[in-house]
Amino acid sequence: MTTADGTPVQSITHPTPEEAQALAQHGFDRGAMVTLFGRCTVDYEGRAASTLGPGDRHVMLKPDGSALVHTDEGQQPVNWQPPGCDHEVAIDEGHVVVRSERPTPEEELTVTFEEVTHAASFDVTDPTDLSVTGTEEDLRQRILDDPDLVEPEFTPLSTERNTPAGAVDIYGEDADGRTVVVELKRRRVGPDAVGQVDRYVGALERDLHDDAAIRGILVAPSITDRARELLAEKGMEFVALEPTAE
Amino acid sequence: MGHRALVAYRQPDGTFTLRYAHWGENLSAAIGPTSPLGGSAPHSGTDDVATDLGVERRNGYEPPITTRVDPRPLTVGATAADVVDAVDVSYESLVVVSRTFEATAYLVCWLDPMGVGSEMVLVEPDDDPETLRGWYVETKSRLSGAVADGTLTPESARATLRRALSVQGTLYSPDDASFLRDG
Chain A
1 MTTADGTPVQ SITHPTPEEA QALAQHGFDR GAMVTLFGRC TVDYEGRAAS TLGPGDRHVM
61 LKPDGSALVH TDEGQQPVNW QPPGCDHEVA IDEGHVVVRS ERPTPEEELT VTFEEVTHAA
121 SFDVTDPTDL SVTGTEEDLR QRILDDPDLV EPEFTPLSTE RNTPAGAVDI YGEDADGRTV
181 VVELKRRRVG PDAVGQVDRY VGALERDLHD DAAIRGILVA PSITDRAREL LAEKGMEFVA
241 LEPTAE
Chain B
1001 MGHRALVAYR QPDGTFTLRY AHWGENLSAA IGPTSPLGGS APHSGTDDVA TDLGVERRNG
1061 YEPPITTRVD PRPLTVGATA ADVVDAVDVS YESLVVVSRT FEATAYLVCW LDPMGVGSEM
1121 VLVEPDDDPE TLRGWYVETK SRLSGAVADG TLTPESARAT LRRALSVQGT LYSPDDASFL
1181 RDG
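Here the protein sequences line up with chains A and B, keeping their order.
All letters in the first sequence, in the order written, are residues 1 to 246 by this note's numbering.
All letters in the second sequence, in the order written, are residues 1001 to 1183 by this note's numbering.
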């Protein structure tokens, strides 16, 4: 099957060993990311040796050669191999066996499935760096694409505009032509962020010698009660917005 | 707590070259031997917002930077003490880059309960930096509220925040740059 956005995904629930092996092998061959879930044992041989007894685990085999074995707890895998390993999948006495081998230093991770409950292959072609998703940059882009998210008729004029107090994220004008400083945060904000916006507004007021008051707007997913009070004391505003629309 | 980062690159002679990154979130993970300046800045498609919108460029407009860290040095030949001195209120993190381009991020935490600007510490988180950031925002908000309603003095709020931060990571005071002298 293929998802609606065109990303090739293959997925089989309760596959036979042969179906699971074919799906994984096809995934390895075309550089896809493969995941297998089911009851399995895990053996590692290398600088040390270890065995994990039978348990339900999620095994992820990435096209860069890394392998991750996860349980339903924690963010760390219970066993793993770094990038650069070779993945193999075979059927041994009716069981699906996945091997991830690393030549130097010599290491081998073997996962033997009693049963594969779910097998999937994801052809991940999007090179987007994970580190730049859901960031302040995404929030900036979202606002530049649709400035009305800040308020109706807001016009961004520049980003990263320098002031004596540092660069402001978005510098623009409101419907009445007043200068607006927008500070972006991808996470919940507290007193520090209020202090920041206040400094940019003060610095611009001195810099521009503008008689009209400069408006300061803090944009973030949420704000603490105390920060909201401080913002109100300073006559500045808050707009609740997530970095991405999803 | 956010994205403006002071980035200090260690040089062969032991000094540092200081640079600025505006969108410095997760920057330490993006810096490496093949991407010393953190790689390409994501293309915004609106690099020249003013031109796109047909409005006049304002004083202060500068052309876009194409790498995440601005390649133009702020300072060259900085000592360890100069690096820590350079961390002012405009920065939210300090990223120190070794000669092999391994980067370490320190969060800039302001102890003043009312905002930023007075007493600062650099914190190297023990665990997930995002968890520490979230914890810092909530804790500081509560302390700030306690100062506002007279339950705590600003001095005791500062001391409490410093003590609480020291449980979450390693604290470095701006008057001691010795942690930057090795490596």
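In case anyone wonders, no lab produced these hints; they're calculated from the structure.
Keep in mind that a hint or two might mislead.
Listed next, the in silico DMTMM-like pairs over lysine to aspartate or glutamate satisfying Cα-Cα at most 20 Å (straight line) [as the list claims (entries may be wrong)]:
id	chain 1	residue 1	chain 2	residue 2
1	A	Lys62	A	Asp123
2	A	Lys62	A	Glu101
3	A	Lys234	A	Asp174
4	A	Lys234	B	Asp1149
5	A	Lys62	A	Glu88
6	A	Lys234	B	Asp1127
Checked hints:
1. A:Lys62 to A:Asp123: Since the Cα atoms of A:Lys62 and A:Asp123 sit roughly 10 Å apart, the hinted pair holds (cutoff 20 Å).
2. A:Lys62 to A:Glu101: With a Cα-Cα distance of about 13 Å, the restraint between A:Lys62 and A:Glu101 holds, given a limit of 20 Å.
3. A:Lys234 to A:Asp174: 19 Å, holds
4. A:Lys234 to B:Asp1149: Since the Cα atoms of A:Lys234 and B:Asp1149 sit roughly 18 Å apart, the hinted pair holds (cutoff 20 Å).
5. A:Lys62 to A:Glu88: Within the cut-off at roughly 12 Å; holds.
6. A:Lys234 to B:Asp1127: 35 Å, violated
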